[in-house]
Amino acid sequence: MIKSQTADGGDMDQLVSAQAEIEPTVAPTLTTRIRAGRSAFLDGLLRPSLVAVFVALALCLGVMIAAATLITEQAMMAQGAALFAQDPLDDYAFASSEALRFQRQPPVGAHVALIGTAALREGLTVGGDIAARLAQRLGHPMPVVDFMSGGQSGIETAALAESLGPDFRGILVLGISLSRLAADSSELGGLVREPRLAFVSAAGDAEIRANGFEPPHRTGNYLIDNYKFFVARYRPILWHLLSGTAPVHDTRTYLGRPAADTAEWASDALILKARLSHYQERAEGNLGSLDRLIRLFPDRNKVQIVLMEIPLNPRAMDQVIGRAFVEAHRARVQAFARREGVVYWDLNPTAGLLPADFQDWAHINSAHAQDRWTSQMVERLIPLIQNP
Amino acid sequence: MKNLLRRAGQAFQGLILGALLFGAIVTMVQIETGARVFRYQGF
Numbered sequence: 001m002i003k004s005q006t007a008d009g010g011d012m013d014q015l016v017s018a019q020a021e022i023e024p025t026v027a028p029t030l031t032t033r034i035r036a037g038r039s040a041f042l043d044g045l046l047r048p049s050l051v052a053v054f055v056a057l058a059l060c061l062g063v064m065i066a067a068a069t070l071i072t073e074q075a076m077m078a079q080g081a082a083l084f085a086q087d088p089l090d091d092y093a094f095a096s097s098e099a100l101r102f103q104r105q106p107p108v109g110a111h112v113a114l115i116g117t118a119a120l121r122e123g124l125t126v127g128g129d130i131a132a133r134l135a136q137r138l139g140h141p142m143p144v145v146d147f148m149s150g151g152q153s154g155i156e157t158a159a160l161a162e163s164l165g166p167d168f169r170g171i172l173v174l175g176i177s178l179s180r181l182a183a184d185s186s187e188l189g190g191l192v193r194e195p196r197l198a199f200v201s202a203a204g205d206a207e208i209r210a211n212g213f214e215p216p217h218r219t220g221n222y223l224i225d226n227y228k229f230f231v232a233r234y235r236p237i238l239w240h241l242l243s244g245t246a247p248v249h250d251t252r253t254y255l256g257r258p259a260a261d262t263a264e265w266a267s268d269a270l271i272l273k274a275r276l277s278h279y280q281e282r283a284e285g286n287l288g289s290l291d292r293l294i295r296l297f298p299d300r301n302k303v304q305i306v307l308m309e310i311p312l313n314p315r316a317m318d319q320v321i322g323r324a325f326v327e328a329h330r331a332r333v334q335a336f337a338r339r340e341g342v343v344y345w346d347l348n349p350t351a352g353l354l355p356a357d358f359q360d361w362a363h364i365n366s367a368h369a370q371d372r373w374t375s376q377m378v379e380r381l382i383p384l385i386q387n388p
Numbered sequence: 001m002k003n004l005l006r007r008a009g010q011a012f013q014g015l016i017l018g019a020l021l022f023g024a025i026v027t028m029v030q031i032e033t034g035a036r037v038f039r040y041q042g043f
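First to last, the protein sequences are chains A and B.
Each step along the first sequence adds one to the number in our numbering, with nothing skipped, and position 193 is 193.
Each step along the second sequence adds one to the number in our numbering, with nothing skipped, and position 16 is 16.
If you are wondering where the hints come from, they were derived from the structure by calculation, not from laboratory data.
Check each hint, because a few of them may be wrong.
Partial pick of chain A residues on the chain B-facing surface, computed with a CB cut under 7 Å [what the hints assert, rightly or not]: (1) G37; (2) V63; (3) D346.
Quick caveat, the model's predicted, so the values are computed rather than measured.
Note that CB positions come from ideal geometry on N, CA and C, so glycine has one too.
Model the full structure from these sequences, guided by the hints.
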């Protein structure tokens, strides 16, 4: 019988039997320890305890204190303020940051400021492109402020315009439309309850009062005065903070979007008709809002104001609104502009836009139409800038 | 060691409860005050 031996000449059988004696005692000890540890952790996790309550309250309080400390005007105007935006389409978060930056550091030198709704915005190329076109024609830089946003109300227009400051110099282009003049001021109640801008504005508050509402109580504390803006966005803000990602503002969203189908067109037409049925009774009140806005910039040697009509789909003009209605609107706004000493531009008769250039009744969705509309505006801006 | 793990479990429970409590408080404020991201496109 051959007996196996270990390297040092020991007996292998003895070694194996010795191991067998050791292993049963070591293995259960480790397993037991792990089991006991797991059980202790689960015990702590699942049983109610004062420690857990304390940690929960401390965490909650800590997050709130962190929010109160970190969410300030300075944070909202910083480069990383995009963290506070809901998503790339959150026009009002991005506009708030820009407005706060202007409040801190007013624009120096002549600027062109564009303020209006998405229909005005979608008709124009991005601000940088307009600035480049102007600079090329003028031979000197002409920065462009893009304060155009989806469904902008008179309250927001006033607040954004005021952020340019009393020393603003240049051209202020304000979007105007049939729909805007027919807007129901009672709709603004929703915006008072659910403000979209993250800054307080005296002009915005004045506009709220002029429309029969009371602005919220202002404390002077940034977070308290604007808490609804941040509370409404707390989930994306937390996600942006945890993931380290921030949305990039998507300023032109209709380009390439397919035209409204028959059902959508019919639905839009109904809404537009319903709204325009109140045009006559509401137009003067809504022009009053524009009048208050114009009065924010009384010196025409410093600020030229242009009321610019939004693009209008010829199909909507012919089939939904009616040419006579549009002509009467143009005459009304022209007369108002003359009274106010401001300029009124309607590029629709000269831009040659076709129904195929629109997504719906007012939003341009083709690049060449946008380019044509922008070129027309730039052509009109040049003489106004050169000979104010 | 066992005690430390129990404490870790309690702390983890606290973190979960804290996150839930914070979410509940903010959601309650959101509902109570009507704070939401107002979406209004077009008209």
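Outcome of the hint check:
1. Nearest Cβ of chain B to the Cβ of A/G37: about 5 Å, under the 7 Å cut. The hint holds.
2. Hint on A/V63 holds. Least Cβ distance to chain B is approximately 5 Å, under the 7 Å limit.
3. Here the hint on A/D346 is broken, as its CB sits about 19 Å from the closest CB of chain B, past 7 Å.
Checked against the numbered hints given earlier, this structure breaks only hint 3.
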